[in-house]
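Student: Given next are the chains, with one letter for each unit.
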Amino acid sequence: MIEIKHLGHDIGGKIILKNVNLTLQEGSVMGLVGINGAGKTTLLRLISGVFAVKQGEIFIDGISVSKEASRKSLFFLPDDPYYTIYTTGESLYKMYKVFYPAIDRAVFDRFMREFALDPKKPIRNFSKGMRRQLYISLALAVKPKYLLLDEAFDGLDPLSRLAFKKAINEFVEEYGTSVLISSHSLRELEDFCDSYVLIDNQTVSDSGDIAEKVSRFCKFQLAFREEVSKELFADLPVASLEQNGKFVRVVLEGNAAELRPLLEALNPAVIEEMRMDFEETFIHEVEKRGYVK
Amino acid sequence: MTTFWRFLYYRLKSSALRTVIFTVLSTAVCLLGIYMANKWENVELCQSGLYMLATALCIIASIVPLFELAGLKNRRNLDTLYFFPIGRQKMATVYFLSGWMQVVFIYTVTFIASLIWLISQTDYFALIYMLPYYFLSLVLAFVIFAVFSFLFLQANTVADGVLFCVLWIFLPFLAGLTLGEVFDIDFFENLYSWGILYTPMNNLTVVFQDLIEINNPASWDRAAGEIMDRWYVFFIWGAAGCAAVNGYMVSFIKKGAEQAGEISNSPFGYAMLVPFYGYCLMINAGAFLVSLDPIVDSIVIVGYLILMLSGYLIYRRGFHFKASDIILTVIGVIIPFAVMLYTNPA
Chain A
1 MIEIKHLGHD IGGKIILKNV NLTLQEGSVM GLVGINGAGK TTLLRLISGV FAVKQGEIFI
61 DGISVSKEAS RKSLFFLPDD PYYTIYTTGE SLYKMYKVFY PAIDRAVFDR FMREFALDPK
121 KPIRNFSKGM RRQLYISLAL AVKPKYLLLD EAFDGLDPLS RLAFKKAINE FVEEYGTSVL
181 ISSHSLRELE DFCDSYVLID NQTVSDSGDI AEKVSRFCKF QLAFREEVSK ELFADLPVAS
241 LEQNGKFVRV VLEGNAAELR PLLEALNPAV IEEMRMDFEE TFIHEVEKRG YVK
Chain B
294 MTTFWRFLYY RLKSSALRTV IFTVLSTAVC LLGIYMANKW ENVELCQSGL YMLATALCII
354 ASIVPLFELA GLKNRRNLDT LYFFPIGRQK MATVYFLSGW MQVVFIYTVT FIASLIWLIS
414 QTDYFALIYM LPYYFLSLVL AFVIFAVFSF LFLQANTVAD GVLFCVLWIF LPFLAGLTLG
474 EVFDIDFFEN LYSWGILYTP MNNLTVVFQD LIEINNPASW DRAAGEIMDR WYVFFIWGAA
534 GCAAVNGYMV SFIKKGAEQA GEISNSPFGY AMLVPFYGYC LMINAGAFLV SLDPIVDSIV
594 IVGYLILMLS GYLIYRRGFH FKASDIILTV IGVIIPFAVM LYTNPA
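Protein sequence lines, in the order shown, are assigned to chains A and B.
Counting from 1, one number per residue, gives the positions in the first sequence under our numbering.
Counting from 294, one number per residue, gives the positions in the second sequence under our numbering.
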């Protein structure tokens, strides 16, 4: 279990995080979301020991992250990981073997094959997505207990994303790996994360179960016989409303079953409930906080 | 094998190509230098070429830490390196040991090759003195290596690190020269005559060159006498070496990955070096400055202002000067007048 208590951090006097409290349970896949500059990468760097903890505490299985023993079970894949002009997949494997002697060559080879990557080629010629695939192969070969991924889907093509998500799910099931993953691709997170944490205003402003979060909102499409005024919805808990003549698309905060009769009372010609996803929920959340106009 | 030893082995292995290139270059240049020194215009000069070895060692001990630690100036590298399950102290030790082992290897190969060449050429030299020279020169090289490792680590970019190291080479000399100018004391004159980072190596080489080439025990007595007269220099150098190793370890452990690539704010860097160099220039130019010749005065002041502002321009990476930079620059203009008043109150 990763426990973060009252964590704060500043860079050059600028506060990035303050009073962050978070727990990542074993076997959990948690999505780390927030707008650009919210502090997601800083949080991952603090958990992985890249940045020294100045304020608060981080424990990995009860051991402070400043102790090297705590990091033996952890793997951090940064957004833009290390390579030089001479680095190859093979040389990276050797480097990781120094620190993770139990790294599984067969798993590494399997994913390199799956991603169609040549371990002997210099990775400077790889695209960002290919480099990411290589590091994902390394991450999975290390079989860490805790896997921290920064912008994990960045640069991956749809097939690679699928392979990656499948592999993560396998690892969580097989080894009980806990994953903390930051991404702007919330639809991808929704597919395989069981929980989320929203970093906002330099701290954890919301967290919980993704399905439960999504169920807090519901979306309906309505068609009226004639054009209606937005004031018609004034008494409803509207999160957002789009109107195009007689057609209205409304997102309401609350349970669909309870809110549907209220909408029906407005006497629309047609009413249809639409699927709400995590990304839309996130957009409404940040709209509510005033980031998106 | 523990992570420490595996990492040390990995560092040595990954820098093997560089080490081989340096070794070949160093050996080739030394052998060529010794050959040229002895065969100049077909005259048998019987030169041991010790200077070539000393120069090679100074260069190796200065540049190896820069190559070894350059990777730590890149945040992308640190993102990967710092999450590895190895403590910062162990990591610092691995980098230091790996660099130092490369220096010893390159120098030893160069030294042995030069020694074999000398043995094969003539029996004129008292080569027995080469052995103590080898160990003593390595001791001095260790101080250079430690000081450069520490200084380079103070910077947040490779370019800043190189500049810090270059500026610090002349800093003790300049300090001695300036304090000698103000206080007119011989102690400082002695200090600056030994003050450049490479001077002890030069002095050691002069002594051993006499011993090896002339086989004159009197030169040893002379050297011993000189060393006794300047015991404090060795004390200072020893202390500098210890402080540099300690400073290196502390800096490595404390330095945050978030600083990589940022402005180098270390007190051992521009923050100190820019005003130091500027003020030293002004104090040493003091005699010219109050010359009652407005043209000379103007040239000195303009030169000083260009030096200071160029320094702060590099420091701040642009014209984003801070109030402290301007205040420190202005103070420097007043300094020579104050020194003149102190040294010549009438």
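These are computed hints drawn from the structure, not numbers from a lab.
Even glycine gets a Cβ: it sits at the ideal position worked out from N, Cα and C.
Errors might be hidden in some of the hints.
What the hints assert, rightly or not - A few chain A positions that, by computed beta-carbon distances, are all more than 10 angstroms from chain B:
#, residue
1, K72
2, M95
3, D109
4, H184
5, E280
What the hints assert, rightly or not - Listed below are several chain A residues computed to face chain B (Cβ distance under 10 angstroms; list not exhaustive):
#, residue
6, K18
7, N19
8, Q55
9, F59
10, K67
11, E68
12, S70
13, L74
14, P81
15, Y93
16, K97
17, F99
18, Y100
19, F171
20, N201
Student: Now, for every hint given, state plainly whether the structure supports it.
Tutor: Status of the hints after comparison with the structure:
1. K72: Violated: least Cβ distance 4 angstroms, not greater than 10 angstroms.
2. M95: Violated, since 7 angstroms does not exceed 10 angstroms.
3. D109: Correct as stated: the minimum Cβ-Cβ distance to chain B is 21 angstroms, above 10 angstroms.
4. H184: 19 angstroms, holds
5. E280: 32 angstroms, holds
6. K18: 16 angstroms, violated
7. N19: 20 angstroms, violated
8. Q55: 13 angstroms, violated
9. F59: 15 angstroms, violated
10. K67: 8 angstroms, holds
11. E68: With Cβ-Cβ at 4 angstroms, under 10 angstroms, it holds.
12. S70: 8 angstroms, holds
13. L74: Since chain B brings a Cβ to about 7 angstroms from L74(A), closer than 10 angstroms, the hint holds.
14. P81: This interface hint holds because 5 angstroms falls under the 10 angstroms limit.
15. Y93: Given a least distance of 12 angstroms, the restraint on Y93(A) is violated.
16. K97: Holds: closest Cβ of chain B sits about 8 angstroms from K97(A), inside 10 angstroms.
17. F99: 4 angstroms, holds
18. Y100: 8 angstroms, holds
19. F171: Interface hint status for F171(A): violated (18 angstroms vs cutoff 10 angstroms).
20. N201: At about 21 angstroms, which exceeds the 10 angstroms cut-off, the nearest Cβ of chain B leaves the hint on N201(A) violated.
Taken one by one, the earlier hints fail for this structure at numbers 1, 2, 6, 7, 8, 9, 15, 19 and 20, listed in ascending order.
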